[in-house]
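Taken in order, these protein sequences are the chains called A and B. In this text, residue positions in the first sequence follow the numbering used here: the first is -19, and each later residue adds one. In this text, residue positions in the second sequence follow the numbering used here: the first is 6, and each later residue adds one.
Since the hints were derived computationally from the structure, they do not count as laboratory data. Virtual Cβ for every residue (Gly too), placed ideally from N, Cα, C. It is possible that part of the hints are untrue.
[Claimed, not checked] To spell it out: a stretch of chain B is covered by chain A in this simulated footprint if at least three of its residues, at any positions, have a beta carbon under 8 Å from a beta carbon of chain A; those stretches are:
(1) 20 to 33
(2) 195 to 202
(3) 206 to 219
[To be verified] Between beta-carbon pairs, the in silico distance windows are:
(4) B:G164 x A:D6: 28 to 38 Å
(5) B:L210 x A:L0: 17 to 27 Å
(6) B:Y563 x A:A24: 33 to 43 Å
(7) A:A24 x B:G221: 19 to 29 Å
(8) A:Y21 x B:A17: 14 to 24 Å
(9) B:R568 x A:Y21: 24 to 34 Å
So the chains spell out like this:
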Amino acid sequence: MDLRKPIGLLFSILGISLMLFGSQGDPSGYRQSLGVNVNLYWGAALLAFGIVMLFLTRQKPRPTS
Amino acid sequence: MNLTYKDGFIIAVYFAFVLGIGAVLRRSTKTGADYFLAGRSIPAWICGLAFISANLGAQEVIGMAASGAKYGILTSHFYWIGAIPAMVFVGIFMMPFYYGSKARSVPEYLRLRFDEKTRGLNAISFAVMTVFSSGISMYAMAKLIQILHILDAPFQKAGLTQAWTFHASVLISAAVVLAYILLGGLKSAIYNEVLQFFLIVAGFLPLVWLGLKNTGGWQGIKATLGPGYTHLWAGLGSPHTNRLGVEWTGVCLGLGFVLSFGYWCTDFLVVQRAMAADSMIAAQRTPLIATFPKMVFPFLVILPGLIAIAIPANMPATNSSGLPASTYQRGIIPAKVDSISGQPVLDKNGNPELDYDLAIPNLLLHYYPTGMLGLGLSALLASFMSGMAGNVTAFNTVWTYDIYQSYIRRGMSDQHYLKVGRIATIAGIALSVAAAYAANQFNNIFDMLQLVFAFVNAPLFATFLLGMFWKRTTGHGAFFGLLSGTLMAAVHHALTIPEGAVPGIKGGWMAQAHVYPSEMAQNFWTAIIAWTACFLVTVGVSLFTQAPDEERLRGLVYSLTPRSNVEQGPWYRSPAGLGVAALVLTVLLNFIFR
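Looking at chain A on its own, in the form it has when it is part of the complex (with noise of 0.2 Å):
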């Protein structure tokens, strides 16, 4: 098993759904992170993390030395 693919998925997964709750919800719900919507944000920094490891999956893996 490439590891990278479960460890993709997930962060990819997690990121969605963070996004999705950043998107949707009340605005207010943010003071305590400083007006920082941390869901929305993170979420795209964790999808992007996820979209670059099942990326590195396609490559062919690294000979072992």
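Could you slot chain B onto chain A? The hints should help.
Then chain B, alone, in the frame of chain A:
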């Protein structure tokens, strides 16, 4: 603060992946070597991340933030001097013998290098220790979840009392860890540790960012807390000018040499991760790759502690412990509350003691909205499960190969030992759960146990150092060296006491020949004395006993092992290049935070 379905969803997704990895790996786990050694087939980057993740248990994450709040940035000594040099050493100099000897465990290496009794001593003490530490860590985690009161609402709805949050935390996490190790063995534990590594980073990084934004960055923290909290070396000239209460010799020798090398170079919990690597050079790279994330971890786990006490006081405090926010509070860290009387715990000067362990959990509740809170809690659970899985996989291997196969039933089939290993996994987790409940009942006994473990561990590195680098070291020398090291640690503890402590568990139970400025100083010097005693006795006894047969030591001792001339690739792939890079960066970090 209550969890919503959003947090529940995030946690559920994480659990599904953890179990899914175990289920997929079940098919490829057929032999003992698959189960206990992950088939020696794991690439270096995975082993490296698992190497630090296995060490990054809940106690580590919670404890490091707590120390950050208590001692300040000085806590980074536990990483920068107390881990990196030892990790570089084990990768470059020791891994060739661990991996090259084809030993299946650290105690088995001792059997090959020395003799049966040295292996027995190490295997049995290690097996007992892992079960207890995984139990203690489980207890700490469950207690924390109970104190946070985040699960109260769903439990109330189900008509269950608060005590059930403790039961549920212990039993559910134990069941999940049991399931994925039972299915996929060490490979499953290692793969999940890597997943947990990324989750811990994902869960805590925004916390640090929000915290720094809130407190005005590092400059703001410096201005709020003062130099005592924000310098690494400035106060180390004397134990009275720094918050740890230790001078630089104690830090460098005790923490930087004896304790750190003793843990990172000999503890099978971490070494097992490197032994699972797919080649010698990958095994060597494992701890070296691990040094790079390890060196930035202080910013992820220690810095939150400083943030927690530096948060501006005019912010509405989220108080999770149910107490009215009081003057006892510092930042968002509340006073410790006696669980029986409900009153704040006072120190010997009558000031309330702060409950530093709540630094990270309270920060999560303070900054994270629902959704992110689920991610933060998953990160806490991940750290907890990775630490526990590390203990359990190390336990089942040592039990099966070093105790069962050596002393109970020899010469059975591989399938037999595989079955024994699976049963040992169940038994190990059951014993940890029992230990968690015992810790809940008998706190003092557990403090004493941890003290005994510290005595047993302190001298270990002297034995390995002599064993690997001095071919004259004999089995008798190693065995009696270890015993005298442990004995001297106990004697030193019995004769000295930290300032202001009552004789007993803190030391001084025979006499008070010396008073240390702090408990930390006493711990460090206990380790130094134990190591020195073990070193001297091992050398002495070795010289008076028959020299071991050199033919038998090939591949086990430095001077009798031919250098391998494997193609190492460019400098950033070779062990020496990685090691030097790690040390240079560590020196740089020490310089920046001097």
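Taking the hints in turn, this is what the structure says about them:
1. Here's how the stretch 20 to 33 of chain B fares: 6 of its residues keep a CB closer than 8 Å to some CB of chain A, so the rule of at least three is met and the hint holds.
2. Taking a C-beta to C-beta cut-off of 8 Å, the stretch 195 to 202 of chain B contributes 3 residues in contact with chain A, enough for the three needed, and the coverage statement holds.
3. Taking a C-beta to C-beta cut-off of 8 Å, the stretch 206 to 219 of chain B contributes 5 residues in contact with chain A, enough for the three needed, and the coverage statement holds.
4. Against the hinted window of 28 to 38 Å, the Cβ-Cβ separation of B:G164 and A:D6 comes to about 31 Å, which satisfies the hint.
5. B:L210 and A:L0 have their C-beta atoms about 21 Å apart, which keeps the hinted 17 to 27 Å range intact.
6. Hint check: B:Y563 to A:A24, Cβ distance near 51 Å, so the stated range 33 to 43 Å is violated.
7. Look at A:A24 against B:G221: about 26 Å separates their beta carbons, and that is inside 19 to 29 Å.
8. At roughly 23 Å, the beta carbons of A:Y21 and B:A17 sit within the given window of 14 to 24 Å.
9. Range check, B:R568 to A:Y21: about 51 Å between beta-carbon atoms, so the 24 to 34 Å window is missed.
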